[in-house]
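K.L.:
One-letter residues, chain by chain:
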Amino acid sequence: MYKILIATRYLIRRHITYFAVLAVALCVFIVLVVMTVLTGLVSDFKLKNHLFTGDCVVGTETLVGFTYYEDLSKILEQADFIESASAVIKSYALVSPNWTEQGLGLEIMGIDPVRHSITTGFGETLYYHKNDVSKAFEPVFKPNLPGCVLGVEVGNRLGNSLAPQRGPRGGYFYSDRFDESSVSVSCVPLTARGAPAKADLGLINTLNFYYSDYSNSGLARVDGSLVYIPFDQAQWLCGMDGPLKRANAIHIKFKPDVNLQTGCKKVALLLERFKQEKADEEQAYLLDTVTVQSWKEYRRANIAAMEKEQTMMTVLFGLVGITTVFIILVVFYMIISHKSKDIGILKSIGVSNTNIITLFLGFAFSVGLIGAAIGAFGGWLFLRQINQIEQWLFEHFGFQLWDRTIYAIGDIPNQVRFTVLAVVILSAIVACLAGAFIPSRQAARLNPVETLQVSQL
Amino acid sequence: MIGTEEIYKSYRMGATKVNVLKGVNLTVEKGEFVAIIGASGSGKSTLLHILGALDRPDKGVVRFEDRDLNSFSAGELNRFRNKMVGFVFQFYHLLDELSVLENVYLPTMASKSVAGWLACRKQAKERAKELLAQLGLDERADHKPYQLSGGERQRVAVGRALMNEPELLLADEPTGNLDSVTGNGILDVLEKLNKAGQTIIMVTHNEGIAKRAGRIIKLIDGKITTGT
Numbered sequence: 001m002y003k004i005l006i007a008t009r010y011l012i013r014r015h016i017t018y019f020a021v022l023a024v025a026l027c028v029f030i031v032l033v034v035m036t037v038l039t040g041l042v043s044d045f046k047l048k049n050h051l052f053t054g055d056c057v058v059g060t061e062t063l064v065g066f067t068y069y070e071d072l073s074k075i076l077e078q079a080d081f082i083e084s085a086s087a088v089i090k091s092y093a094l095v096s097p098n099w100t101e102q103g104l105g106l107e108i109m110g111i112d113p114v115r116h117s118i119t120t121g122f123g124e125t126l127y128y129h130k131n132d133v134s135k136a137f138e139p140v141f142k143p144n145l146p147g148c149v150l151g152v153e154v155g156n157r158l159g160n161s162l163a164p165q166r167g168p169r170g171g172y173f174y175s176d177r178f179d180e181s182s183v184s185v186s187c188v189p190l191t192a193r194g195a196p197a198k199a200d201l202g203l204i205n206t207l208n209f210y211y212s213d214y215s216n217s218g219l220a221r222v223d224g225s226l227v228y229i230p231f232d233q234a235q236w237l238c239g240m241d242g243p244l245k246r247a248n249a250i251h252i253k254f255k256p257d258v259n260l261q262t263g264c265k266k267v268a269l270l271l272e273r274f275k276q277e278k279a280d281e282e283q284a285y286l287l288d289t290v291t292v293q294s295w296k297e298y299r300r301a302n303i304a305a306m307e308k309e310q311t312m313m314t315v316l317f318g319l320v321g322i323t324t325v326f327i328i329l330v331v332f333y334m335i336i337s338h339k340s341k342d343i344g345i346l347k348s349i350g351v352s353n354t355n356i357i358t359l360f361l362g363f364a365f366s367v368g369l370i371g372a373a374i375g376a377f378g379g380w381l382f383l384r385q386i387n388q389i390e391q392w393l394f395e396h397f398g399f400q401l402w403d404r405t406i407y408a409i410g411d412i413p414n415q416v417r418f419t420v421l422a423v424v425i426l427s428a429i430v431a432c433l434a435g436a437f438i439p440s441r442q443a444a445r446l447n448p449v450e451t452l453q454v455s456q457l
Numbered sequence: 001m002i003g004t005e006e007i008y009k010s011y012r013m014g015a016t017k018v019n020v021l022k023g024v025n026l027t028v029e030k031g032e033f034v035a036i037i038g039a040s041g042s043g044k045s046t047l048l049h050i051l052g053a054l055d056r057p058d059k060g061v062v063r064f065e066d067r068d069l070n071s072f073s074a075g076e077l078n079r080f081r082n083k084m085v086g087f088v089f090q091f092y093h094l095l096d097e098l099s100v101l102e103n104v105y106l107p108t109m110a111s112k113s114v115a116g117w118l119a120c121r122k123q124a125k126e127r128a129k130e131l132l133a134q135l136g137l138d139e140r141a142d143h144k145p146y147q148l149s150g151g152e153r154q155r156v157a158v159g160r161a162l163m164n165e166p167e168l169l170l171a172d173e174p175t176g177n178l179d180s181v182t183g184n185g186i187l188d189v190l191e192k193l194n195k196a197g198q199t200i201i202m203v204t205h206n207e208g209i210a211k212r213a214g215r216i217i218k219l220i221d222g223k224i225t226t227g228t
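Protein chains in written order, with this note's numbering: chain A, 1 to 457; chain B, 1 to 228.
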């Protein structure tokens with residue numbers, strides 16, 4: 001009890017401890033804000049990738065695709081752990097607006113919009129057909145025309161003046177007028193062996209599509225380079241509509257209680273069995289390149305960069321934590337050097353070395369706890385207002401943390417996660433204990449006779 | 001009650017070894033008021049620290065009620081200092097952050113766990129208040145040490161030393177930092193305590209003060225010359 005009493009009094013009456021508390025509070029504040037924003041961005045980015053992909057992808061990297069995808073889809077959909085499956089065609093195409101000869105090399109994705117919306121978050125990314133994805137490829141101004149869904153930035157890249165414009169806060173402004181222009185999509189159809197299917201004729205497959213909607217997935221690369229078209233038409237464009245139809249991938253959504261890794265392993269087993277069953281069938285060799293990937297593996301190239309950035313920031317702020325340890329160490333050395341007489345007194349009344357250490361560690365714990373609490377509260381308050389503060393800075397000084405016209409970021413993430421908060425507070429307390437340990441141990445080793453000598457006063 | 005047999009103690013001062021105690025033999029009986037007198041550097045404070053287990057001799061035995069202090073474990077020595085001995089220092093040595101009352105009951109608090117303290121805190125506070133009342137400081141209980149005079153601080157130190165009702169009170173120049181009137185007041189307190197049965201060993205360099213004790217031991221150059 002005396003340890004609590006003395007530690008509390010030291011905390012209140014030794015003004016130097018206020019600096020230690022302030023140092024801890026500032027560190028906690030900075031780390032909490034940065035980690036919250038960064039973790040929020042990474043989580044948001046992962047969520048967008050997850051929504052874009054679904055839970056799992058069975059597919060091939062080749063543009064040729066693989067056969068028997070319909071049979072495989074049926075088997076997958078019948079599995080008790082799978083909610084839905086959506087076969088897709090993926091390829092590259094020359095996309096040219098009807099008013100110019102200059103086209104862009106873009107990615108195309110052939111989908112069944114209903115299936116794909118059940119399997120992925122596709123439906124949620126649409127602007128006009130969010131509530132009825134079955135009409136995603138029906139242009140609003142003339143539903144019977146063939147439609148395509150453009151990535152929300154593709155319109156701008158194609159030079160379309162009516163394309164959605166990104167606002168200063170990251171949201172898109174859609175024109176009141178419907179865009180009635182069209183694009184031609186040209187692909188090089190490939191045979192099952194990967195050769196151009198119409199090489200002898202020198203022809204490519206081309207189809208015209210009208211803009212039916214825009215997809216805003218929040219993924220800059222996807223929104224700036226992807227054009228969704230109906231599955232059958234994509235299949236024809238890519239030459240995959242032969243007697244043995246082909247697709248590039250099947251996106252899968254697991255049932256809610258299915259673990260991602262477990263689900264992927266089960267899909268891999270189903271795929272292996274399927275490959276064995278089809279081993280003797282025609283063009284079964286195309287199944288050799290088909291693999292199973294979780295959404296994390298499938299989007300690894302995109303996510304890894306962000307995660308690396310997060311790791312780097314964590315390391316950097318770990319260094320801030322080490323600085324805190326040194327600040328606490330210095331402060332405690334100063335306190336203990338001023339309190340050597342007290343240590344002698346305590347020892348003269350029978351206080352043990354261990355209790356001297358725990359007294360000062362308790363003191364350090366209080367410094368850490370109070371500092372962390374102040375820093376966490378300050379961080380929470382700041383995060384609550386961070387978007388308003390950024391808005392104010394933007395309006396008055398033109399400053400933005402991220403230029404929303406460049407980065408696909410809306411509001412700055414400001415939801416403090418309990419795990420982040422707990423880790424930051426615990427780290428601050430541990431840093432304080434670590435910083436105070438050596439001075440505390442030295443205090444315990446002080447010879448009471450020396451500290452109580454008249455010459456030491 | 002407490003005694004020493006051939007106590008030796010030396011210190012290093014740079015490259016020089018200073019022999020402070022050179023074979024001290026001493027016996028103090030229960031209820032005695034003994035003054036150890038000697039010039040500055042004669043080793044009297046060192047002897048007092050060894051008697052109170054604040055320091056260990058290089059050689060020799062300290063016996064407290066027939067038990068050799070050298071055989072005590074660290075925990076036993078802590079308990080000895082807490083329960084059996086009360087120290088009064090020349091410069092009072094009170095904790096500035098605590099009130100007078102808290103300083104007095106600190107030894108009891110230090111000997112208890114949180115639960116133990118919560119269970120006995122009322123009695124401990126009552127005992128501390130009684131001691132302060134006996135020492136004429138009942139009005140000063142809530143003051144901080146820096147708000148007290150030197151004499152008052154020393155009386156608080158006496159109160160703290162007596163808090164756990166120790167067998168032995170060790171006073172190291174208890175009046176050394178006080179004027180003669182205030183010093184006499186402290187000596188009156190010690191005399192009164194001794195009359196009530198308290199064993200006291202006091203260290204002083206002043207023969208006049210030493211005469212207030214029942215027995216005087218002279219320490220010259222690390223050896224007891226008279227009054228063992």
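The hints are simulated quantities; they were obtained by calculation from the structure and are not laboratory data. Among the clues, some could well be false.
To be verified - Part of the chain A face toward chain B, derived, beta carbon under 8 Å:
#1 I345
#2 R445
#3 P448
Just so it is clear, CB atoms sit at the ideal spot from N, CA and C, and this is done for glycine as well.
K.L.:
The structure should be examined with respect to each hint, and the outcome stated for every one.
P.N.:
Against the structure, the hints come out as follows:
no., hint, result
1, I345, "holds, 5 Å"
2, R445, "violated, 13 Å"
3, P448, "holds, 5 Å"
In summary, the structure is inconsistent with hint 2 from the numbered list given earlier, while agreeing with all the others.
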